[in-house]
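2 protein chains.
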Amino acid sequence: MRSVYNTPVKKKRRSTRFSTASVISDVADRAGVSTATVSRVINSPELVADATAERVRRAMDELDYRPNLFAKGLITRSTGVLGVILPDFHGEFYGALLQAADAEARRAGYNLIVASDARPDSADAAQSLPVHFLDGVIAFVPFPNDALVRSIGDLSISAVLIDAQQELEGTDRISIDNTSGATAAVRHLVERTDADDCFHVGGPETNYDSIDRAEAFRAVLRERGASGIDDRVASGEFSIDWGYRWALDTLTTRTGRPTAVFAGNDDIAVGVLNAARQLGVACPDRLRIVGFDGSRVSAASSPKLSTVQVPLAEIGTKAVQMCVRHIADPTINPSHAVVPTRLAVHDSS
Amino acid sequence: MRSVYNTPVKKKRRSTRFSTASVISDVADRAGVSTATVSRVINSPELVADATAERVRRAMDELDYRPNLFAKGLITRSTGVLGVILPDFHGEFYGALLQAADAEARRAGYNLIVASDARPDSADAAQSLPVHFLDGVIAFVPFPNDALVRSIGDLSISAVLIDAQQELEGTDRISIDNTSGATAAVRHLVERTDADDCFHVGGPETNYDSIDRAEAFRAVLRERGASGIDDRVASGEFSIDWGYRWALDTLTTRTGRPTAVFAGNDDIAVGVLNAARQLGVACPDRLRIVGFDGSRVSAASSPKLSTVQVPLAEIGTKAVQMCVRHIADPTINPSHAVVPTRLAVHDSS
DNA sequence: TCGGCCAGTGAAACCGATTACACTAGTCTA
DNA sequence: TAGACTAGTGTAATCGGTTTCACTGGCCGA
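These protein sequences, in sequence, are chains G and Y. Take any residue in the first sequence, note its place counting from 1, add 12, and you have its number in the numbering used here. Take any residue in the second sequence, note its place counting from 1, add 12, and you have its number in the numbering used here.
If you're looking for bench data, these hints aren't it; they were derived computationally from the structure. From the three backbone atoms N, C-alpha and C, an ideal C-beta is built for every residue, glycine too. Be careful, since some hints might not be right.
Claimed, not checked - Every beta carbon over 10 Å from chain Y, so not counted as near; a handful from chain G, in silico:
1) Ile54
2) Leu59
3) Glu66
4) Gly85
5) Gln111
6) Leu180
7) Gly182
8) Tyr220
9) Glu227
10) Gly240
11) Arg289
12) Ala294
13) Thr329
14) Arg337
15) Ala349
What the hints assert, rightly or not - Once the Cα atoms are required to be at most 25 Å apart in a straight line, the calculated DMTMM-like pairs of lysine to aspartate or glutamate come out as:
16) G/Lys84 <-> Y/Asp38
17) Y/Lys316 <-> G/Asp261
18) G/Lys316 <-> Y/Asp359
Using the sequences provided together with the hints, build the complete structure.
The following block contains the structure:
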């Protein structure tokens, strides 16, 4: 007998408010084993005799036992949660990405915490994310945002940057190969109309994708020996409204009328299309239009929009895979995946 | 002296792999106080002398101290994380909702974990969500899904059900008042065309919103004494393609041609619009169309779609507010909010 | 001057898991 | 048949916080 004075009535469960959830010691008691054995049944069953394990499993079932993730996390320092930072969830662009990422994460046994932060150069999302919690972070950074990238670096957890221009020590990256798709789109246009009448209506000036797409436009036109190229490149925002305003303005007041428009994304293209229809400019007969993204609005427009497909689902899936891989083995070299874009010709060009 | 044999060199930090994060005892040491005092500075500063608190805060800053959420959660049983279950994130419908929910959650100091589960009658999302972790759950359940609702009930945490038909003991609910908007929309149509030529192209048969919208259609037509109403109600899915197929079929083969279509949502309406344009049926001259949701595609279409606005952002915001309120005080009676819908007339009707 | 009270603080128990280490009993080898 | 080894299990330390309780010293009123 180890002690004479100390024979408590076998310490029983605290009555934590009215939590009825059972804990590991309940299971241990019921199965007639120690908590260590219960833990082993869960985490390394090969160490436990079959008969014992069976008894423990039954006890877990009967008590509907679920391990407390706080206690577990306190030891293992992992939660099975990945953080995802996106500029916004509004459009389908990020929705499609999130959908695929969530599916892949679930497959790998992870959950996604989301945070959006539209403002460039704000790291609020990263700040408010409960980072001590997360096993990894995936951030879509299509704008220069040093604050965000830096604060992700500070987290020193597995991270995947999508679309970011900045390199980050030890971090996986995914980039969108805008150039190939954009080049194909612009070539497609200049083969059908005079290069001097081709216009580019781009997205935000500082957006990396915008920059790539505009540059591809310029390159193809230079290649064709077009002149006054810069005058035919406009930046605005990724919205229907911007495309609409631009087209209304340009189609009515310009002297050299556009015969082809390469839009920075599908929304812009749809705006241009609407303005053209309103002005009685037939598409594709008098105005050819190509969008970018392959979004649902592009499929919904009529004439159906020619567009450059961005494989959003693939990006989401790949991001999670990279992140999970890096969590499993932090020593492997960070990789840089470039996802292709592909011109899909429909009726608007 | 309490013990003779036991004078360790003041126990120092374990070298947890290479985690450089500082813990509460580091802060305590640096500030020359106990861990209890540090904890008090964080959680109930009024108990600590100003000078002491100031010293502790400086120490926290200098060490860039962040409380370990596992340890904290182990005691307080709360994480500041809400789970959100949606059928999918694909369309902008749920995206808009999520966007607003995230913003509101962040404002209230919470984060969102997301899970999507498109399959009706599957509770996988709820199962795979790390529920021991969550302070609350918000679920959008537009389809009958007893499994999901039941498993949310089993969680016994604060929950908000959106759009669900089932009641759940002690659970807040939000419903969309489809009827008022739908009624207004159908009245709007029958005032402009013969009630006998009005058709409804609905979404999935089992979707609660679909059911409400279809029923409102029937009610208005009955009110007008229309006949053969059931023949003019079709169910399909919430997609452009379904609307397109329906219209192609109906506009070409039916004898009594539709002059007005009330669509189950904007996607369907856009599909109808595209088919009509392709068949040379002018909208709104020969065919009036009203959609539902007030989505971005509706604004992008031309003619601009008349539609019934669903305040998705409001729903997201309200869901988080209800959930947070319920977490703060679980004893308050669950409430049931009904959000209105509003007809917005544009150019398609 | 004494007792009571209060503000401020620390020591230590506790939350519920994981896991290093110790131990037992059986099997195998020499 | 002793010794080495192994499979299976339990004890107790540990993770990093929160919180109860006990304690100290200063101030107050009687």
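List of violated hint numbers, smallest to largest: The structure breaks hints 4, 5, 11; every other hint is satisfied.
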